[in-house]
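K.L.:
Sequence:
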Amino acid sequence: MEALLAAADVPDLAAKAPAVIAAANRFLTEDTAYLKPEDRVFLAVAFKFSEAAHRGQSRQSGEPYISHPLAVASILTSWHLDAQALAAALLHDVMEDSGITKLELTEKFGRHVAELVDGMSKIDKLEFQSKEEAQAENFRKMLLAMARDLRVILIKLADRLHNMRTMGVMRPDKQKRIARETMEIYAPIANRLGLNAVYLELDDLSFKYTYPTRYEVLSKALKAARGNRREVVGKILDGLRNKLIECDIEATVTGREKNLHSIYRKMQEKSLSFSEVLDIYGFRVIVKDVPTCYLAIGALHALYKPIPGKFKDYIAIPKANGYQSLHTTLFGPYGLPIEIQIRTQDMHRIADAGVASHWMYKSGDESFSDVQQKTHQWLQSLLEIQAESGDAVEFLEHIKVDLFPDQVYVFTPKGKIMSLPQGATCVDFAYAVHTDIGNRCIAAKVNHELVPLRSRLKSGDQVEIVTAAHAKPNPSWLTFVSTGKARSHIRHFLKTMRFEESVHLGERLLAQGFATLHQQFLPITEDIWERYLKESSARTREDVLSDIGLGQRLAVVVAKRLLQISGQWLDDSTMAAAAGRKTSSVTIRGTEGMAIQFARCCNPIPGDPIIGLVKKDQGLVVHTHDCPQISGRGRIDADKFIDVEWDPDSTRLFDVPIRVLTENTRGALAQISAAIAEAEANIVSVATQNAEHEGDRFMQIAFVLQVSNRVHLARVMRSLRQLPSVFRILRMRGGEKA
Numbered sequence: 000m001e002a003l004l005a006a007a008d009v010p011d012l013a014a015k016a017p018a019v020i021a022a023a024n025r026f027l028t029e030d031t032a033y034l035k036p037e038d039r040v041f042l043a044v045a046f047k048f049s050e051a052a053h054r055g056q057s058r059q060s061g062e063p064y065i066s067h068p069l070a071v072a073s074i075l076t077s078w079h080l081d082a083q084a085l086a087a088a089l090l091h092d093v094m095e096d097s098g099i100t101k102l103e104l105t106e107k108f109g110r111h112v113a114e115l116v117d118g119m120s121k122i123d124k125l126e127f128q129s130k131e132e133a134q135a136e137n138f139r140k141m142l143l144a145m146a147r148d149l150r151v152i153l154i155k156l157a158d159r160l161h162n163m164r165t166m167g168v169m170r171p172d173k174q175k176r177i178a179r180e181t182m183e184i185y186a187p188i189a190n191r192l193g194l195n196a197v198y199l200e201l202d203d204l205s206f207k208y209t210y211p212t213r214y215e216v217l218s219k220a221l222k223a224a225r226g227n228r229r230e231v232v233g234k235i236l237d238g239l240r241n242k243l244i245e246c247d248i249e250a251t252v253t254g255r256e257k258n259l260h261s262i263y264r265k266m267q268e269k270s271l272s273f274s275e276v277l278d279i280y281g282f283r284v285i286v287k288d289v290p291t292c293y294l295a296i297g298a299l300h301a302l303y304k305p306i307p308g309k310f311k312d313y314i315a316i317p318k319a320n321g322y323q324s325l326h327t328t329l330f331g332p333y334g335l336p337i338e339i340q341i342r343t344q345d346m347h348r349i350a351d352a353g354v355a356s357h358w359m360y361k362s363g364d365e366s367f368s369d370v371q372q373k374t375h376q377w378l379q380s381l382l383e384i385q386a387e388s389g390d391a392v393e394f395l396e397h398i399k400v401d402l403f404p405d406q407v408y409v410f411t412p413k414g415k416i417m418s419l420p421q422g423a424t425c426v427d428f429a430y431a432v433h434t435d436i437g438n439r440c441i442a443a444k445v446n447h448e449l450v451p452l453r454s455r456l457k458s459g460d461q462v463e464i465v466t467a468a469h470a471k472p473n474p475s476w477l478t479f480v481s482t483g484k485a486r487s488h489i490r491h492f493l494k495t496m497r498f499e500e501s502v503h504l505g506e507r508l509l510a511q512g513f514a515t516l517h518q519q520f521l522p523i524t525e526d527i528w529e530r531y532l533k534e535s536s537a538r539t540r541e542d543v544l545s546d547i548g549l550g551q552r553l554a555v556v557v558a559k560r561l562l563q564i565s566g567q568w569l570d571d572s573t574m575a576a577a578a579g580r581k582t583s584s585v586t587i588r589g590t591e592g593m594a595i596q597f598a599r600c601c602n603p604i605p606g607d608p609i610i611g612l613v614k615k616d617q618g619l620v621v622h623t624h625d626c627p628q629i630s631g632r633g634r635i636d637a638d639k640f641i642d643v644e645w646d647p648d649s650t651r652l653f654d655v656p657i658r659v660l661t662e663n664t665r666g667a668l669a670q671i672s673a674a675i676a677e678a679e680a681n682i683v684s685v686a687t688q689n690a691e692h693e694g695d696r697f698m699q700i701a702f703v704l705q706v707s708n709r710v711h712l713a714r715v716m717r718s719l720r721q722l723p724s725v726f727r728i729l730r731m732r733g734g735e736k737a
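Going by numbering that gives the first Met the number 0, the sequence shown opens with residue 0, and the numbers climb by one from there.
Hints may contain errors.
Simulated crosslink set (DSS-like; lysine-lysine; CA at most 25 Å straight-line) [what the hints assert, rightly or not]:
| hint | residue 1 | residue 2 |
| --- | --- | --- |
| 1 | Lys304 | Lys257 |
| 2 | Lys265 | Lys311 |
| 3 | Lys257 | Lys269 |
| 4 | Lys309 | Lys257 |
| 5 | Lys269 | Lys309 |
| 6 | Lys457 | Lys494 |
| 7 | Lys257 | Lys318 |
| 8 | Lys35 | Lys47 |
| 9 | Lys318 | Lys234 |
| 10 | Lys242 | Lys311 |
| 11 | Lys457 | Lys309 |
| 12 | Lys175 | Lys257 |
| 13 | Lys219 | Lys257 |
| 14 | Lys287 | Lys269 |
| 15 | Lys318 | Lys413 |
| 16 | Lys413 | Lys311 |
| 17 | Lys415 | Lys311 |
| 18 | Lys318 | Lys265 |
| 19 | Lys269 | Lys222 |
| 20 | Lys219 | Lys265 |
| 21 | Lys311 | Lys269 |
| 22 | Lys471 | Lys444 |
| 23 | Lys107 | Lys47 |
| 24 | Lys47 | Lys101 |
| 25 | Lys269 | Lys457 |
| 26 | Lys234 | Lys304 |
| 27 | Lys222 | Lys234 |
| 28 | Lys219 | Lys287 |
| 29 | Lys242 | Lys287 |
| 30 | Lys457 | Lys311 |
| 31 | Lys175 | Lys219 |
| 32 | Lys614 | Lys559 |
| 33 | Lys265 | Lys304 |
| 34 | Lys265 | Lys175 |
| 35 | Lys494 | Lys471 |
| 36 | Lys107 | Lys35 |
Quick list of the computed label-pair ranges, beta carbon to beta carbon [as the list claims (entries may be wrong)]:
| hint | residue 1 | residue 2 | range |
| --- | --- | --- | --- |
| 37 | Ser270 | Glu499 | 48 to 56 Å |
| 38 | Pro211 | Arg455 | 31 to 39 Å |
| 39 | Thr212 | Lys287 | 43 to 51 Å |
| 40 | Lys269 | Ser535 | 56 to 64 Å |
Hints are computed from structural coordinates only; laboratory data are not their basis.
We put the beta carbon where it would ideally sit given N, CA and C, even for glycine.
Given the sequences, and given the hints that come with them, work out the whole structure.
P.N.:
Below, the structure written as structure tokens:
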């Protein structure tokens with residue numbers, strides 16, 4: 000095939016680096032032989048454009064910079080990517096390094112190539128608070144571009160792979176930073192997409208530059224072991240092949256060395272020395288179809304005894320990235336454990352190329368479309384997480400959770416298999432099914448038995464979620480959920496709910512602010528609000544009201560400024576004359592949600608005299624008048640105290656702790672619980688202990704009850720006093736011990 004590039008096309012490059020021209024011609028003829036001639040001409044134009052844009056730029060190794068995009072494009076040809084993707088690989092740094100605009104690329108190479116290059120380009124022009132934020136924002140942009148077009152991440156992975164291969168000339172601190180980023184983000188993405196060869200190479204190179212001494216020591220030990228164990232490996236290979244031939248099973252059997260980082264991880268996890276790691280070799284058996292996979296595993300189990308618990312069927316239940324194989328570990332000769340993978344040729348292609356098999360083998364095979372479908376679902380979940388994450392750093396935190404490969408496989412009540420990360424809970428499962436199911440879940444059944452929502456799931460569990468129409472996420476769920484999707488949806492719901500509730504509370508507090516200033520709450524026009532927003536740096540009126548509700552702005556100050564802008568502000572003499580008027584109170588219904596909180600130090604209930612304290616980022620906190628936590632604060636925080644009163648029509652139940660001293664006799668707790676139930680109160684929690692200074696004759700029981708008001712509590716306590724075993728009852732206040 001004729002060379003598409005002549006020295007005259009790139010004279011500067013021909014003089015300095017003829018080897019690069021040779022590599023470019025090899026790329027345009029041999030590597031891209033699967034493309035049409037007109038596509039290769041298109042790529043030659045892209046190469047010349049990129050070379051001109053990067054002319055005069057060099058890599059740290061001293062090579063012309065164009066050698067890097069050329070190497071990236073060459074890596075992509077092994078996956079048979081199309082001409083648009085290869086052109087984007089050749090051009091992937093021109094926007095960032097050479098000032099070429101997206102419009103220029105669109106005019107020259109078309110919209111698709113320009114979009115791919117833009118997805119790859121970093122966004123250095125924006126200002127960020129920190130390097131971490133900049134990195135997270137770059138990563139977010141790349142993932143969103145990847146969700147639109149999967150080729151973006153394939154180009155990025157090839158780019159990172161070539162950079163890692165040629166990182167030896169960099170400073171050690173930079174090597175470690177890039178290696179750690181690769182280990183934490185790019186290697187897991189390659190694994191998640193099923194690009195096994197890329198994952199293993201990135202993983203090993205990251206290990207090499209993160210722990211160079213450990214890598215070198217292990218590498219030498221592995222070379223020595225390779226010579227010592229060659230005979231044993233040969234014997235095992237012969238044994239496996241002979242057994243399969245004996246059973247009339249046509250198969251290809253190969254041995255493979257495990258990568259260094261996986262050996263090092265095993266040494267760390269199990270506290271082993273290298274000499275104690277016996278299974279540094281694995282064996283692969285490739286057969287013609289799925290039934291033969293199961294025949295082969297039966298034959299090999301007859302040859303060597305299987306180790307219990309080490310058999311995994313990823314054919315019946317594929318991994319999230321589409322990987323399929325049978326895995327087993329056998330007791331081999333000399334007591335060596337032998338790890339064996341059995342798969343078909345099609346499964347082997349997917350195991351190596353993963354999602355890239357779509358371009359390599361366009362055979363219409365169902366398994367390939369299944370890989371694409373799973374990848375598409377994962378990318379869609381990334382878009383959902385992005386939409387509900389507050390910022391790029393939070394987005395990166397959420398998706399990092401989903402990148403690590405350990406999975407559990409559980410069943411829905413209809414028998415559908417769902418894949419979740421190791422450690423996933425019932426709440427994670429609920430959000431994986433649907434966001435609304437997660438937001439409304441109240442209970443869960445695992446294998447037909449009710450379990451707590453925080454229960455961790457195991458492979459094979461059948462999970463059913465119980466929902467209620469008016470249920471909502473609990474903030475405590477954030478302490479135990481495992482998936483990024485669940486975490487982002489819970490946070491988004493809580494932020495939205497808190498914002499809406501704080502806006503409503505802010506409106507009520509602002510109305511009281513006007514009353515405190517002895518001014519009627521007159522309608523504030525849009526024009527007045529606009530003027531206030533400009534000078535206060537708030538974006539919307541709702542943001543101001545939310546800030547008031549959360550205690551970040553004082554209602555009286557906002558009310559005074561609005562009155563001043565509107566011209567309704569009274570002078571001091573008029574104010575003094577009006578000072579005798581009573582201000583209105585904020586009514587507490589008990590159903591306000593997150594914007595109004597009831598202080599844990601005094602546990603106020605309807606009927607208690609109460610006062611409100613506006614605390615920054617907490618909103619309005621309601622205390623009893625005699626609460627020790629607020630005594631002495633009146634002079635310091637006078638402007639933060641709010642007059643509040645109970646709504647007489649409140650219907651919710653309130654928590655109140657009580658302490659009961661009773662005889663330590665059989666059935667005493669049951670009698671007390673029955674009396675509480677007869678008085679129509681709920682028991683939230685109960686704790687018992689021997690009464691101090693009373694010996695074993697008495698015990699002390701601390702209850703948290705739910706009552707509707709102070710009268711209801713008095714009725715409960717009166718019922719308990721009538722029991723002959725009860726000696727003393729006390730409502731507990733803040734700071735008292737149970």
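K.L.:
Now tell me if each hint is right for this structure.
P.N.:
Each hint, compared with the structure:
1. Our distance criterion of 25 Å between C-alpha atoms is met by Lys304 and Lys257, whose separation comes to about 22 Å.
2. Restraint check for Lys265 and Lys311: the C-alpha separation of about 19 Å stays at or below 25 Å, so the hint holds.
3. Under the criterion of a C-alpha separation no larger than 25 Å, the hint pairing Lys257 with Lys269 is consistent with the structure, at around 17 Å.
4. About 17 Å separates the Cα atoms of Lys309 and Lys257, which keeps this hinted pair within 25 Å; it holds.
5. Between Lys269 and Lys309 the alpha-carbon distance is near 17 Å, which keeps this suggested pair within the 25 Å criterion.
6. Simply put, Lys457 and Lys494 have alpha-carbon atoms about 31 Å apart, too far for the 25 Å limit, and the pair is violated.
7. Taking the CA atoms of Lys257 and Lys318, the gap is near 20 Å; set against the 25 Å cutoff, the hint holds.
8. Among the hinted pairs, Lys35 with Lys47 is consistent with the structure: their alpha-carbon atoms are about 19 Å apart, no more than 25 Å.
9. Between the alpha carbons of Lys318 and Lys234 the distance comes to roughly 32 Å, so the proposed pair goes past 25 Å and is violated.
10. Annotation: proposed proximity of Lys242 to Lys311 holds, straight-line Cα distance about 21 Å (limit 25 Å).
11. Annotation: proposed proximity of Lys457 to Lys309 holds, straight-line Cα distance about 16 Å (limit 25 Å).
12. This hinted pair checks out: Lys175 and Lys257 have alpha carbons roughly 23 Å apart, not beyond 25 Å.
13. Restraint check for Lys219 and Lys257: the C-alpha separation of about 14 Å stays at or below 25 Å, so the hint holds.
14. Of the supplied pair hints, the one linking Lys287 and Lys269 is violated, its CA atoms being roughly 37 Å apart against a limit of 25 Å.
15. Our distance criterion of 25 Å between C-alpha atoms is met by Lys318 and Lys413, whose separation comes to about 20 Å.
16. Proximity of Lys413 to Lys311 is assessed by CA-CA distance (about 23 Å); at most 25 Å being required, the pair is judged to hold.
17. A hinted pair counts as satisfied when its Cα atoms are at most 25 Å apart, and Lys415 with Lys311 qualifies at roughly 19 Å.
18. For the hint linking Lys318 to Lys265, the alpha-carbon distance of about 21 Å falls within 25 Å, and the restraint holds.
19. Under the criterion of a C-alpha separation no larger than 25 Å, the hint pairing Lys269 with Lys222 is consistent with the structure, at around 22 Å.
20. This hinted pair checks out: Lys219 and Lys265 have alpha carbons roughly 17 Å apart, not beyond 25 Å.
21. The suggested pairing of Lys311 with Lys269 holds, with an alpha-carbon distance near 21 Å, which does not exceed 25 Å.
22. For the hint pairing Lys471 with Lys444, the CA-to-CA distance comes to about 18 Å; that is within 25 Å, so the pair holds.
23. Between Lys107 and Lys47 the CA atoms are separated by roughly 12 Å; this keeps the pair inside 25 Å, and the hint holds.
24. Proposed proximity of Lys47 and Lys101 is supported: the alpha carbons are some 18 Å apart, at most 25 Å.
25. Taking the CA atoms of Lys269 and Lys457, the gap is about 22 Å. The hint holds against a cut of 25 Å.
26. Among the hinted pairs, Lys234 with Lys304 is consistent with the structure: their alpha-carbon atoms are about 17 Å apart, no more than 25 Å.
27. With a C-alpha separation of about 19 Å, the suggested pair Lys222 and Lys234 falls inside the 25 Å cut-off, and the hint holds.
28. The straight-line distance between the Cα atoms of Lys219 and Lys287 is roughly 38 Å, outside the 25 Å bound, and the hint therefore fails.
29. A C-alpha spacing of about 17 Å is found between Lys242 and Lys287, which places the hinted pair at or below 25 Å, so the restraint holds.
30. Of the supplied pair hints, the one linking Lys457 and Lys311 holds, its CA atoms being roughly 14 Å apart against a limit of 25 Å.
31. Between the alpha carbons of Lys175 and Lys219 the distance comes to roughly 21 Å, so the proposed pair stays at or under 25 Å and holds.
32. Note on Lys614 and Lys559: the hinted pairing holds, with a Cα-Cα distance of about 20 Å set against a maximum of 25 Å.
33. Among the hinted pairs, Lys265 with Lys304 is consistent with the structure: their alpha-carbon atoms are about 23 Å apart, no more than 25 Å.
34. With a C-alpha separation of about 22 Å, the suggested pairing of Lys265 with Lys175 holds against the 25 Å cut-off.
35. Under the criterion of a C-alpha separation no larger than 25 Å, the hint pairing Lys494 with Lys471 is consistent with the structure, at around 13 Å.
36. For the given pair, Lys107 sits about 20 Å from Lys35 by alpha-carbon distance, which is consistent with the 25 Å threshold.
37. Range check, Ser270 to Glu499: Cβ separation about 52 Å, and the 48 to 56 Å hint holds.
38. Separation of Pro211 from Arg455 is about 38 Å and conforms to the stated range, judged on CB atoms against 31 to 39 Å.
39. Checking the proposed 43 to 51 Å range against Thr212 and Lys287 shows it holds: the Cβ atoms sit about 46 Å from each other.
40. Taking 56 to 64 Å as the suggested C-beta distance range, the pair Lys269 and Ser535 conforms, at roughly 60 Å.
Comparing the model with each numbered hint stated earlier shows that hints 6, 9, 14, 28 do not hold.
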